[in-house]
Amino acid sequence: MMIAPRLAYGQALVELGQENEDVVVLDADVAKASMTILFKEAFPERFFDLGIAESDIIGTGAGFAVAGKIPFVNAYANFLLGNGWEQIRISVCYAKQNVKIIGHNIGASSGKDGPTHLPLEDIALTRAFPGMTVIEPVDGIEVKKAVKALAEHVGPAYMRVGRIPIPVVTKEDDEFVIGKANILREGKDVTIIACGVMVSKALSAAAALSREGLNAEVINMHTIKPLDKESILKSIEKTGAVVTAEEHTVIGGLGSAVAEYLATAMPVPMRIVGSPDRFGVCGTYDEIHEVLGLTVEKIREAVRDVIILK
Amino acid sequence: MTTILQKMACKIRQDIIEMLVLAKSGHPGGSLSAADIMSVLYFSVLKIEPDNPQWPDRDRFVLSKGHAAPVLYAALAERGFFPREELVNLRQTGHFLQGHPDMLKVPGVDMSTGSLGQGFSAAAGMALAGKIDQKTYRVYCLLGDGEIAEGLVWEAAMAAAHYKLDNLVAVLDYNGLQIDGTNEEVMNSAPLADKWRAFGWNVLEVDGHDVEELLNSLELAKNFQGKPTIIVAKTTKGKGVSFMENQAGWHGSAPSPEQAELALAELKGGNAHV
Ligand SMILES: Cc1ncc(C[n+]2csc(CCOP(=O)(O)OP(=O)(O)O)c2C)c(N)n1
Ligand SMILES: [Mg+2]
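Keeping their order, the protein sequence lines are chains X and W. Positions 326 to 635 (the working numbering) are the ones given, in order, by the first sequence. Positions 1461 to 1734 (the working numbering) are the ones given, in order, by the second sequence.
Read the hints as simulated data drawn from the structure, not as lab findings. Since this is a predicted model, take the numbers as computed values, not measurements. Glycine residues also receive a C-beta, built at the ideal position from the N, C-alpha and C atoms. Any given hint could turn out to be false.
Capping the alpha-carbon separation at 20 angstroms, the derived lysine to any residue pairs in SDA-like fashion look like this [said to hold, decoys possible]:
hint, chain 1, residue 1, chain 2, residue 2
1, X, Lys357, W, Gly1641
2, X, Lys357, W, Ser1713
3, W, Lys1565, X, Pro369
4, W, Lys1655, X, Lys357
5, W, Lys1565, W, Lys1591
6, X, Lys394, X, Lys357
FRET-style restraints, in silico, Cβ to Cβ [stated by the list, open to error]:
hint, chain 1, residue 1, chain 2, residue 2, range
7, X, Pro551, W, Arg1544, 41 to 49 angstroms
8, W, Tyr1623, X, Glu411, 20 to 28 angstroms
9, X, Phe604, W, Asp1511, 24 to 32 angstroms
All chains, full assembly: derive it from the sequences and hints.
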């Protein structure tokens, strides 16, 4: 089954709006893309379109939070973080305000709109802020749980939401706790830590590797910050090698977070699968993944590399 | 002259439809609304040399509303900056006509855009550089009416007036629509002309589909001294294709082959320039 994360997100916002009157939703002229249009239709008095003004939308969100509301602030990830970065830094993170920043059209989602519209740096940008929680749900089912968890969590948070339907790899009754990784497949030879759509690719890679006699453990690291160090260490102690995978640049993302931790805690052979240090290209979602090397095959290669080094 | 410019606008509109149907994505509404403006700029106003796109003394053009790339590509191709045959490769992997204008790839593109607001700011920078270098080139910039909600636009507007950039001419594609609906519903920008006047700009208001009015206002802008000029061009989003006109839904979706055929029939019928 495939679900577009943004659709699950829009539906989850509506459910949340029913349960919690303090939730307000802000958008920057992309409500049809972010699917906040569903919330707008259900709760027009709690929905605010601020026009094409991503820095203002963050500042306004911070103001809502100061006044006791729970603002979900939405726009395309690149524009929202790019234009809103200094507002996120001071009005949200420094002021420790309870703003939920939702970055849409992440990674290759915007496809043929081309490089200007392909955010591959958003994890790096948000992860760098003190006190920021950074989440990328693995599928449509997890998006819904993440929205609930975000509303309960008090403090600055960033969540990535994709546009294109991606495989569902979790079940309704699987647990979702911010900061607690989920092991989707147990294995002993290598640990693959992934987030978002790359988890399903990691599972495909693991299935293929098992035919080669390699047994990979696959971890869904839906929370990139704070990183679930305990789960990582436990798995690495068993496997002694790690590969990470993310729909993001290799600079500053999930792979970096894991490397920063393991470099001191337990250095083991490691490879980071992600976009190389470059901008994206114009193309379909799958074409862009191919060009950037966000593929099952790249994960398999990386696994073979680290296993040789063990 | 005006008939030639009208015919060219119609040609550009046809190019836009032909490009988008093949690309299966892209932005027809805001491309069609700007076709007359681009025809007048590229076939009458701009001092440019298609064979020498990097000519240091050329007039600059910045498409700040970068999503309207098809109208720019069509104008550049029709003007001879690159072969028209390239238009069919819009948005294809490995080809140079990206979804948004890329100055490193496309001859004639003076600034890479796609993030709304930034092009205008860069245009002001180019105009300022022209001033200190005592160059006579002028810088033209096309803005969207939704785009001007970006704070950056007003920061640049203030700076352009402060530095008396009378070599900078902005054209505002005032089509009244953005993605989520009308400007009025989403983020009311009225009173537009008064705002720009208050920011120290020379403001001219024209019908953005009347090539003669456009020509005259651009001529006036050339001779106006001491202030930057903005031409508020009242347009219809989707202009020239009846089923796209004034429909927010046609902001960012490509026509199907059947719709494209209908659109081309209308455009070839000449409806676009009456
Ligand atoms: C900074 C930024 N925010 C959001 C977008 C997404 N976006 C592309 S076009 C558009 C609407 C533009 O409306 P307008 O400026 O009125 O353009 P037009 O009607 O002429 O097409 C939006 C929100 C963007 N490209 N850049
Ligand atoms: Mg508009």
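Quick rundown of the hints versus the structure:
1. X:Lys357 / W:Gly1641: 10 angstroms, holds
2. X:Lys357 / W:Ser1713: 12 angstroms, holds
3. W:Lys1565 / X:Pro369: 44 angstroms, violated
4. W:Lys1655 / X:Lys357: Not OK: Lys1655 of chain W and Lys357 of chain X at ~29 angstroms, beyond 20 angstroms, violated.
5. W:Lys1565 / W:Lys1591: 27 angstroms, violated
6. X:Lys394 / X:Lys357: 23 angstroms, violated
7. X:Pro551 / W:Arg1544: 41 to 49 angstroms: 55 angstroms, violated
8. W:Tyr1623 / X:Glu411: 20 to 28 angstroms: Holds, at about 24 angstroms.
9. X:Phe604 / W:Asp1511: 24 to 32 angstroms: 29 angstroms, holds
When held up to the earlier numbered hints, the structure conflicts with 3, 4, 5, 6, 7 and fits the remainder.
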